[in-house]
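If you're matching them up, the sequences are chains A and B in order. At position 369 of the first sequence the residue is numbered 369 (this note's numbering), and the sequence of numbers has no breaks. Residues are numbered in this note's numbering as their position in the second sequence, beginning at 1, plus a constant of 1000.
If you are wondering where the hints come from, they were derived from the structure by calculation, not from laboratory data. Don't be surprised by glycine CBs; every beta carbon is placed ideally from N, CA and C. All clues stand as given, with none of them false.
In the DSSO-like style, the derived pairs of lysine-lysine whose C-alpha atoms are separated by at most 27 angstroms in a straight line are:
{"no.": "1", "chain 1": "B", "residue 1": "1130", "chain 2": "A", "residue 2": "29"}
{"no.": "2", "chain 1": "A", "residue 1": "304", "chain 2": "B", "residue 2": "1089"}
{"no.": "3", "chain 1": "B", "residue 1": "1089", "chain 2": "A", "residue 2": "29"}
{"no.": "4", "chain 1": "B", "residue 1": "1089", "chain 2": "A", "residue 2": "20"}
Computed beta-carbon distance windows for the label pairs:
{"no.": "5", "chain 1": "B", "residue 1": "1085", "chain 2": "A", "residue 2": "286", "range": "35 to 45 angstroms"}
{"no.": "6", "chain 1": "B", "residue 1": "1082", "chain 2": "A", "residue 2": "22", "range": "24 to 34 angstroms"}
{"no.": "7", "chain 1": "A", "residue 1": "358", "chain 2": "B", "residue 2": "1146", "range": "46 to 56 angstroms"}
{"no.": "8", "chain 1": "A", "residue 1": "345", "chain 2": "B", "residue 2": "1085", "range": "37 to 47 angstroms"}
{"no.": "9", "chain 1": "B", "residue 1": "1184", "chain 2": "A", "residue 2": "344", "range": "55 to 65 angstroms"}
{"no.": "10", "chain 1": "B", "residue 1": "1068", "chain 2": "A", "residue 2": "345", "range": "54 to 64 angstroms"}
{"no.": "11", "chain 1": "B", "residue 1": "1068", "chain 2": "A", "residue 2": "22", "range": "39 to 49 angstroms"}
{"no.": "12", "chain 1": "A", "residue 1": "358", "chain 2": "B", "residue 2": "1122", "range": "51 to 61 angstroms"}
{"no.": "13", "chain 1": "A", "residue 1": "28", "chain 2": "B", "residue 2": "1130", "range": "18 to 28 angstroms"}
{"no.": "14", "chain 1": "A", "residue 1": "393", "chain 2": "B", "residue 2": "1154", "range": "17 to 27 angstroms"}
{"no.": "15", "chain 1": "B", "residue 1": "1049", "chain 2": "A", "residue 2": "393", "range": "17 to 27 angstroms"}
{"no.": "16", "chain 1": "A", "residue 1": "22", "chain 2": "B", "residue 2": "1049", "range": "46 to 56 angstroms"}
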Amino acid sequence: MQAQAADTGALLAAENAQGKAKIVRMAGKLAYRNLFHDRLSLIVTLTGIVFSVVLVAVQCGLYIGSETMIAAMLDNSKGDLWVVPFGTKSFDDPSFLIGHEKYAALSTPGIAKAEDLVVGFAGWRKPKGGTTAVLIIGSDYEHGSLKPWNIKQGSIAELAEPFAVAADDTYFADLGIDKLGDTAEINNTRVRVSAVTHGIRSFTTLPYVFMSLQRARQLLDAANTQASYTLVRLAPDANLESVRADLNDRLKDREILTQREFRNRSVDYWLFQTGAGSALIAGAALGMIVGVVIVAQTLYSSTKDHLNEFATLRALGASAGYIHKVILIQAIMSAFLGYGIGMILSLLVIWATKGTTLLIIMTPGLALLLFALTLGMCIIAAISAIFKVTRIDPAGVFSR
Amino acid sequence: MKDREPNRKTLLEAKNIVKVFGSGAYEVRPLKGVNLRLYAGELTLLMGPSGSGKTTLLSILGCILSPTEGELVVAGNSTAGLDAEGLAKIRRRHVGFVFQGYNLFPTMTASENVMLALDVRAAPVVDPPKHAVAALTAVGLAHRAEAFPSKLSGGEKQRVAIARALAGRPSVILADEPTAALDAENGRAVMALLQEVAKDPNRAVLAVTHDHRTMPYADRIIRIEDGVISSESRPKKDGMPPAAHDEHHHEPQSAPTPPHPETTQPAGIEKPLRGRYRIRRNA
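So here's chain A without its partners, still in its complex pose (with noise of 0.2 angstroms):
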């Protein structure tokens, strides 16, 4: 044994020698064994974390999935400029132009392309009794920008077909029907439903149907050369803002809004001035409010259960800086455990509420914001723990 011995020193001195020596490092050690050592502690602090990153992504993909309801339209219309009735709050809150913006905007130098749109509210008879209402969206379906996607049966072009209308089969149940086939009224006309799609939400909960913009000015008691909005798309080498500023000498009394401009505006009157988005945004604060006071409180017991050891390691000569990397590591250590989780708990109700019309959108900016923000809220939670072991008296290793 102390021949054994002899040899390991040497073996190590020879090894100094030759610059192979490192410095030990043992803070992650340490602190992924205070962590695991006691195990309710650890169960209510992932608790706290996975309560937090749940909520906070529910709430968050809420708030993207109402956007993207909001938008949707939007978003599968492939405009530079829209005119739209002055004043008008969102796509979704229509009322009609005053008439032949389209031709005028066909004679406006930059302007390759214009297109009505007809959106308007409208009553739907079900087959078998009631009403409800829903908002009827009519476009050039063969041509223009904005047409119905996501098609599950029947086909766009047969919307050309006499009173053809397609309605989104997540809305079924709303409009009394079961099928592709089925007939109902639309403002005591019949329509039958030529093409389904599906997934297509508004966030009114009204349901969306589209159908051709003839029979869509039609149904609504338009004049054909009137239309909700006219979408326009800009020449390859036209300038977005003059081409702008001549539209708006044309055509009094409306707005000239850019797509984006409409997408903010209509995005911020439903989630802002309504208060959902405010009330959203609350609840996801609120999941971080919980999840750092849980985790603050947890850490802050850990370290008071281990301040022993804390004082231990000062008197040893640790810095205050090793001490606190402990903490934070054992932080840390959390934060990646407690997303973890999280995570998968978040895409399972994700998953468990597809279909309905609970719209929630996990996006993998929102999983590296909520990854920060796990991170950031556990590194928080450490500070009260960090102050506790800042003032431990090494002194109090000793006995008295």
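Could you slot chain B onto chain A? The hints should help.
For chain B alone, coordinates are given in the frame of chain A:
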């Protein structure tokens, strides 16, 4: 204090240390001008009644507390004017501690406890686990390297604590009542180990103790009473007469000769302090 040991290397020197806690009517003055030196290759005992200022002095010698007045020099480094982080730096470079309650990290094995000390001291080593086992081998606990403190006896815990104190090869080892929590047999073993540790010509060991059974292991005994050093003596060893340096010295003139270390080792310590941690004996 006049240096009576001109041939010994001084590793720690306390000059006229005064410590005052509180102020006004609440002022407490546990140390009233302490002069003390720790020499390389020696085990010094600091003894005194409760309230005599032992623990305060140990805290100051260990750079945990700053003196109100006076100067402390550890391994050639003055601590004057150092803040808490400066003192911590001196501690991690030059001071090793052995605590009465062991203060091992319960969630870490014996070898991890040693490696943790290496990390705190930022001591570079080639193979940390091997290094830790070597340190534990030196205290006869290589076979318990993977045991958690809860599975170790009191004596084993204190030996792990000594291995931890030795990690990084500090110049000064300060032990606070190292035998207080141990039975007689383990107390003897720990003192024998500290005696071996102190034989390193580049290391000084100071043990604060109430335990008179530890006296035979000491090279020097310092008594503190009411915040001042009241006596300093060298127990008789190897037939040499004891050297008393103070007229208040009350130590027995013939202190018991310590048993030979190799005859007092508990099971598992065949040849203490081998390999990297082997203490070179004074010529």
